[in-house]
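Peer 1: Sequence:
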Amino acid sequence: KTDLSTSFDHRSARILLAEDNTTNQQVALSILRRMGLHADAVADGAEAVKALEDIPYDLVLMDVQMPEMDGLEATRIIRHPDSAVRCHDIPIIAMTAHAMQGDRQRCIEAGMNDYISKPVTPRELAEILSQWLPKSDKPHSDKHAAAPHSDTAADTSTPIFDREGFLDRLMGDAEMAKTVIEVFLCDIPAQIESLKQSLQDADIETAERIAHTIKGAAASVGGEVLRELAAEIEQACKNNALDHVDDRVSELARRFDALKDIMENLKL
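Here the sequence shown stands for residues 1 to 268, where the numbers follow the numbering used here.
Among the hints, a few may not be true.
DSSO-like, lysine-lysine: derived pairs with alpha carbons at most 30 Å apart [as the list claims (entries may be wrong)]:
1) LYS260 x LYS178
2) LYS178 x LYS267
3) LYS196 x LYS238
4) LYS267 x LYS238
5) LYS238 x LYS260
6) LYS238 x LYS178
Distance windows between CB atoms, simulated [said to hold, decoys possible]:
7) ALA84 x ASP243: 27 to 35 Å
8) ASP246 x GLU109: 35 to 43 Å
9) ASP246 x THR179: 42 to 50 Å
10) ASP89 x ASP257: 34 to 42 Å
11) ASP243 x LEU266: 34 to 42 Å
12) HIS38 x ILE108: 25 to 33 Å
13) PRO159 x ASP89: 41 to 49 Å
14) ASP89 x ARG254: 32 to 40 Å
15) ILE55 x PRO81: 16 to 24 Å
16) LYS238 x ARG14: 18 to 26 Å
17) ALA84 x ARG14: 14 to 22 Å
No wet-lab data here; the hints were simulated from the structure. We put the CB at the ideal spot given by N, CA and C, even for glycine.
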(Lines of atoms letter the chains of each structure in order from A; the text may use other names.)
(Lines give C-alpha, C1' and ligand atoms only; values in the text may rest on other atoms or scores of the structure.)
Protein backbone atom coordinates (compact mmCIF):
# COMPACT_ATOMS: atom_id res chain seq x y z
CA LYS A 1 0.00 0.00 0.00
CA THR A 2 1.32 3.43 -0.91
CA ASP A 3 2.04 5.50 2.20
CA LEU A 4 1.81 9.26 1.75
CA SER A 5 1.69 10.22 5.40
CA THR A 6 5.30 11.41 5.40
CA SER A 7 4.68 13.73 2.45
CA PHE A 8 1.57 15.62 3.45
CA ASP A 9 -1.28 15.65 5.91
CA HIS A 10 -3.39 13.14 4.00
CA ARG A 11 -6.06 12.98 6.70
CA SER A 12 -7.30 16.49 5.97
CA ALA A 13 -6.56 16.75 2.23
CA ARG A 14 -9.57 16.99 -0.07
CA ILE A 15 -9.25 16.30 -3.80
CA LEU A 16 -11.58 17.19 -6.66
CA LEU A 17 -11.37 14.84 -9.65
CA ALA A 18 -12.75 16.15 -12.96
CA GLU A 19 -13.04 13.17 -15.32
CA ASP A 20 -15.88 12.29 -17.70
CA ASN A 21 -14.86 8.66 -18.26
CA THR A 22 -16.70 6.55 -15.66
CA THR A 23 -14.12 3.75 -15.67
CA ASN A 24 -11.24 6.19 -15.19
CA GLN A 25 -13.23 7.90 -12.43
CA GLN A 26 -13.57 4.65 -10.52
CA VAL A 27 -9.87 3.82 -10.88
CA ALA A 28 -8.66 7.26 -9.79
CA LEU A 29 -11.09 7.47 -6.86
CA SER A 30 -10.01 4.01 -5.73
CA ILE A 31 -6.35 4.99 -5.71
CA LEU A 32 -7.01 8.27 -3.88
CA ARG A 33 -9.19 6.64 -1.22
CA ARG A 34 -6.70 3.81 -0.69
CA MET A 35 -4.18 6.56 0.02
CA GLY A 36 -6.46 7.86 2.76
CA LEU A 37 -7.56 10.95 0.85
CA HIS A 38 -11.08 12.35 0.62
CA ALA A 39 -11.99 12.64 -3.06
CA ASP A 40 -15.06 13.78 -5.00
CA ALA A 41 -15.64 13.38 -8.73
CA VAL A 42 -17.37 15.54 -11.36
CA ALA A 43 -17.84 14.82 -15.06
CA ASP A 44 -16.83 18.06 -16.80
CA GLY A 45 -15.14 21.42 -16.41
CA ALA A 46 -18.31 23.36 -15.65
CA GLU A 47 -19.13 21.00 -12.76
CA ALA A 48 -15.56 21.42 -11.50
CA VAL A 49 -15.87 25.20 -11.44
CA LYS A 50 -19.19 24.95 -9.60
CA ALA A 51 -17.74 22.53 -7.03
CA LEU A 52 -14.82 24.90 -6.39
CA GLU A 53 -17.29 27.70 -5.70
CA ASP A 54 -18.95 25.62 -2.99
CA ILE A 55 -16.25 23.51 -1.33
CA PRO A 56 -12.69 24.36 -0.14
CA TYR A 57 -10.71 21.69 -1.99
CA ASP A 58 -6.93 21.41 -1.66
CA LEU A 59 -6.13 20.21 -5.19
CA VAL A 60 -7.81 19.46 -8.53
CA LEU A 61 -7.02 16.54 -10.81
CA MET A 62 -8.31 17.86 -14.13
CA ASP A 63 -8.84 15.76 -17.24
CA VAL A 64 -8.01 17.85 -20.29
CA GLN A 65 -10.43 16.41 -22.84
CA MET A 66 -14.01 16.55 -21.54
CA PRO A 67 -17.37 17.40 -23.16
CA GLU A 68 -19.29 20.62 -22.50
CA MET A 69 -16.29 22.41 -20.94
CA ASP A 70 -12.79 20.95 -21.20
CA GLY A 71 -10.07 21.13 -18.58
CA LEU A 72 -8.20 23.98 -20.23
CA GLU A 73 -11.23 26.28 -20.32
CA ALA A 74 -12.19 25.33 -16.75
CA THR A 75 -8.67 26.15 -15.57
CA ARG A 76 -8.75 29.58 -17.22
CA ILE A 77 -12.02 30.35 -15.43
CA ILE A 78 -10.66 29.15 -12.08
CA ARG A 79 -7.58 31.35 -12.46
CA HIS A 80 -9.56 34.44 -13.47
CA PRO A 81 -9.74 36.87 -10.52
CA ASP A 82 -13.41 37.64 -11.18
CA SER A 83 -14.60 34.03 -11.03
CA ALA A 84 -16.53 32.88 -7.95
CA VAL A 85 -14.26 30.00 -6.95
CA ARG A 86 -13.02 30.00 -3.35
CA CYS A 87 -9.33 29.79 -4.27
CA HIS A 88 -7.95 31.01 -7.59
CA ASP A 89 -4.49 29.58 -6.83
CA ILE A 90 -5.56 26.01 -6.03
CA PRO A 91 -3.08 23.49 -7.50
CA ILE A 92 -4.49 22.02 -10.72
CA ILE A 93 -2.90 18.86 -12.12
CA ALA A 94 -3.63 18.02 -15.75
CA MET A 95 -4.50 14.41 -16.56
CA THR A 96 -4.39 13.42 -20.22
CA ALA A 97 -3.52 10.56 -22.52
CA HIS A 98 -1.91 13.11 -24.85
CA ALA A 99 1.53 12.84 -23.28
CA MET A 100 3.23 15.13 -25.79
CA GLN A 101 5.40 18.12 -24.94
CA GLY A 102 3.14 20.45 -26.94
CA ASP A 103 0.08 19.29 -25.01
CA ARG A 104 1.92 19.75 -21.73
CA GLN A 105 2.77 23.32 -22.76
CA ARG A 106 -0.90 24.04 -23.50
CA CYS A 107 -1.79 22.85 -20.01
CA ILE A 108 0.82 25.07 -18.35
CA GLU A 109 -0.20 28.08 -20.47
CA ALA A 110 -3.84 27.59 -19.41
CA GLY A 111 -2.75 27.91 -15.77
CA MET A 112 -2.33 24.31 -14.71
CA ASN A 113 0.49 23.62 -12.29
CA ASP A 114 1.64 20.17 -13.34
CA TYR A 115 0.93 17.19 -15.49
CA ILE A 116 0.35 13.44 -15.21
CA SER A 117 -0.31 11.05 -18.07
CA LYS A 118 -3.07 8.43 -18.13
CA PRO A 119 -3.58 5.70 -17.18
CA VAL A 120 -2.72 6.98 -13.73
CA THR A 121 -0.60 4.74 -11.49
CA PRO A 122 -0.46 4.93 -7.67
CA ARG A 123 3.28 5.67 -7.61
CA GLU A 124 3.09 8.57 -10.09
CA LEU A 125 0.02 9.99 -8.41
CA ALA A 126 1.62 9.76 -4.97
CA GLU A 127 4.71 11.54 -6.25
CA ILE A 128 2.80 14.43 -7.79
CA LEU A 129 0.42 14.81 -4.85
CA SER A 130 3.34 14.95 -2.42
CA GLN A 131 4.67 17.93 -4.39
CA TRP A 132 1.46 19.91 -4.53
CA LEU A 133 -0.72 19.12 -1.52
CA PRO A 134 -0.48 21.26 1.64
CA LYS A 135 2.19 20.52 4.25
CA SER A 136 4.48 18.93 1.70
CA ASP A 137 8.15 18.74 2.67
CA LYS A 138 9.15 19.05 -0.98
CA PRO A 139 9.20 22.36 -2.86
CA HIS A 140 6.64 22.91 -5.60
CA SER A 141 7.99 22.16 -9.04
CA ASP A 142 6.68 22.53 -12.56
CA LYS A 143 9.26 20.14 -13.96
CA HIS A 144 7.43 16.91 -13.20
CA ALA A 145 5.98 15.02 -16.12
CA ALA A 146 5.07 11.35 -16.17
CA ALA A 147 6.54 9.21 -18.92
CA PRO A 148 4.39 9.22 -22.04
CA HIS A 149 2.14 6.22 -22.54
CA SER A 150 2.43 4.97 -26.10
CA ASP A 151 -0.83 4.70 -28.01
CA THR A 152 0.46 2.06 -30.34
CA ALA A 153 2.76 -0.93 -30.04
CA ALA A 154 4.47 -2.98 -32.71
CA ASP A 155 4.64 -6.03 -30.43
CA THR A 156 2.10 -8.51 -31.77
CA SER A 157 2.05 -10.32 -28.41
CA THR A 158 0.09 -7.52 -26.74
CA PRO A 159 -2.10 -9.16 -24.06
CA ILE A 160 -5.87 -8.95 -24.25
CA PHE A 161 -5.89 -8.33 -20.50
CA ASP A 162 -2.98 -7.14 -18.35
CA ARG A 163 -4.26 -8.55 -15.05
CA GLU A 164 -1.14 -7.70 -13.05
CA GLY A 165 -1.01 -4.10 -14.26
CA PHE A 166 -4.71 -3.61 -13.59
CA LEU A 167 -4.49 -4.89 -10.01
CA ASP A 168 -1.31 -2.89 -9.37
CA ARG A 169 -3.14 0.23 -10.51
CA LEU A 170 -5.82 -0.47 -7.88
CA MET A 171 -3.18 -1.25 -5.24
CA GLY A 172 -4.39 -4.86 -4.97
CA ASP A 173 -7.93 -3.92 -3.94
CA ALA A 174 -9.94 -6.93 -5.20
CA GLU A 175 -13.32 -5.49 -4.28
CA MET A 176 -12.63 -2.24 -6.11
CA ALA A 177 -11.34 -4.26 -9.09
CA LYS A 178 -14.72 -6.01 -9.27
CA THR A 179 -16.51 -2.65 -9.14
CA VAL A 180 -14.33 -1.12 -11.85
CA ILE A 181 -14.78 -4.17 -14.10
CA GLU A 182 -18.55 -3.98 -13.63
CA VAL A 183 -18.60 -0.29 -14.59
CA PHE A 184 -16.33 -0.91 -17.58
CA LEU A 185 -18.32 -3.88 -18.92
CA CYS A 186 -21.55 -1.92 -18.54
CA ASP A 187 -20.25 1.26 -20.18
CA ILE A 188 -18.24 0.08 -23.19
CA PRO A 189 -20.98 -1.66 -25.25
CA ALA A 190 -22.95 1.60 -25.38
CA GLN A 191 -19.78 3.48 -26.31
CA ILE A 192 -19.10 1.07 -29.18
CA GLU A 193 -22.65 1.45 -30.47
CA SER A 194 -22.34 5.24 -30.27
CA LEU A 195 -19.05 5.01 -32.16
CA LYS A 196 -20.70 2.98 -34.94
CA GLN A 197 -23.60 5.43 -35.14
CA SER A 198 -21.31 8.46 -35.27
CA LEU A 199 -19.35 6.97 -38.15
CA GLN A 200 -22.58 6.04 -39.93
CA ASP A 201 -23.73 9.66 -39.53
CA ALA A 202 -20.34 10.93 -40.74
CA ASP A 203 -19.91 12.73 -37.41
CA ILE A 204 -16.16 12.19 -37.32
CA GLU A 205 -15.47 14.61 -34.48
CA THR A 206 -17.80 12.71 -32.16
CA ALA A 207 -16.40 9.38 -33.34
CA GLU A 208 -12.88 10.57 -32.49
CA ARG A 209 -14.00 11.64 -29.02
CA ILE A 210 -15.72 8.30 -28.34
CA ALA A 211 -12.68 6.34 -29.54
CA HIS A 212 -10.56 8.45 -27.18
CA THR A 213 -12.93 7.59 -24.30
CA ILE A 214 -12.79 3.86 -25.08
CA LYS A 215 -9.00 4.04 -25.32
CA GLY A 216 -8.73 5.66 -21.90
CA ALA A 217 -11.09 3.22 -20.23
CA ALA A 218 -9.32 0.23 -21.76
CA ALA A 219 -5.95 1.54 -20.60
CA SER A 220 -7.22 1.90 -17.03
CA VAL A 221 -8.43 -1.71 -16.83
CA GLY A 222 -5.48 -3.27 -18.64
CA GLY A 223 -7.37 -4.03 -21.86
CA GLU A 224 -4.28 -3.57 -23.99
CA VAL A 225 -5.52 -4.90 -27.34
CA LEU A 226 -8.72 -2.89 -26.99
CA ARG A 227 -6.68 0.21 -26.14
CA GLU A 228 -4.53 -0.20 -29.26
CA LEU A 229 -7.53 -0.64 -31.54
CA ALA A 230 -9.32 2.37 -30.06
CA ALA A 231 -6.14 4.42 -30.50
CA GLU A 232 -5.96 3.39 -34.18
CA ILE A 233 -9.59 4.41 -34.71
CA GLU A 234 -9.04 7.72 -32.90
CA GLN A 235 -6.03 8.48 -35.08
CA ALA A 236 -7.89 7.49 -38.26
CA CYS A 237 -10.67 9.92 -37.36
CA LYS A 238 -8.17 12.65 -36.54
CA ASN A 239 -6.48 12.17 -39.93
CA ASN A 240 -9.79 11.63 -41.78
CA ALA A 241 -8.33 8.33 -43.02
CA LEU A 242 -11.56 6.34 -42.87
CA ASP A 243 -11.13 3.69 -45.58
CA HIS A 244 -10.79 0.78 -43.15
CA VAL A 245 -12.25 2.28 -39.99
CA ASP A 246 -15.46 0.21 -40.10
CA ASP A 247 -13.37 -2.96 -40.11
CA ARG A 248 -11.41 -1.69 -37.13
CA VAL A 249 -14.63 -0.94 -35.23
CA SER A 250 -15.91 -4.47 -35.94
CA GLU A 251 -12.60 -5.80 -34.64
CA LEU A 252 -12.95 -3.54 -31.60
CA ALA A 253 -16.33 -5.09 -30.80
CA ARG A 254 -14.95 -8.62 -31.16
CA ARG A 255 -11.97 -7.84 -28.96
CA PHE A 256 -14.24 -6.33 -26.33
CA ASP A 257 -16.25 -9.57 -26.25
CA ALA A 258 -13.03 -11.53 -25.74
CA LEU A 259 -11.95 -9.19 -22.93
CA LYS A 260 -15.40 -9.43 -21.36
CA ASP A 261 -15.18 -13.25 -21.29
CA ILE A 262 -11.84 -13.05 -19.50
CA MET A 263 -13.01 -10.45 -16.99
CA GLU A 264 -16.25 -12.27 -16.17
CA ASN A 265 -14.27 -15.40 -15.32
CA LEU A 266 -11.53 -13.57 -13.45
CA LYS A 267 -10.65 -15.00 -10.03
CA LEU A 268 -9.87 -12.16 -7.61
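Peer 1: Which of the stated hints cannot be reconciled with the structure, identified by number in ascending sequence?
Peer 2: 4, 6, 7, 9, 10, 14, 16
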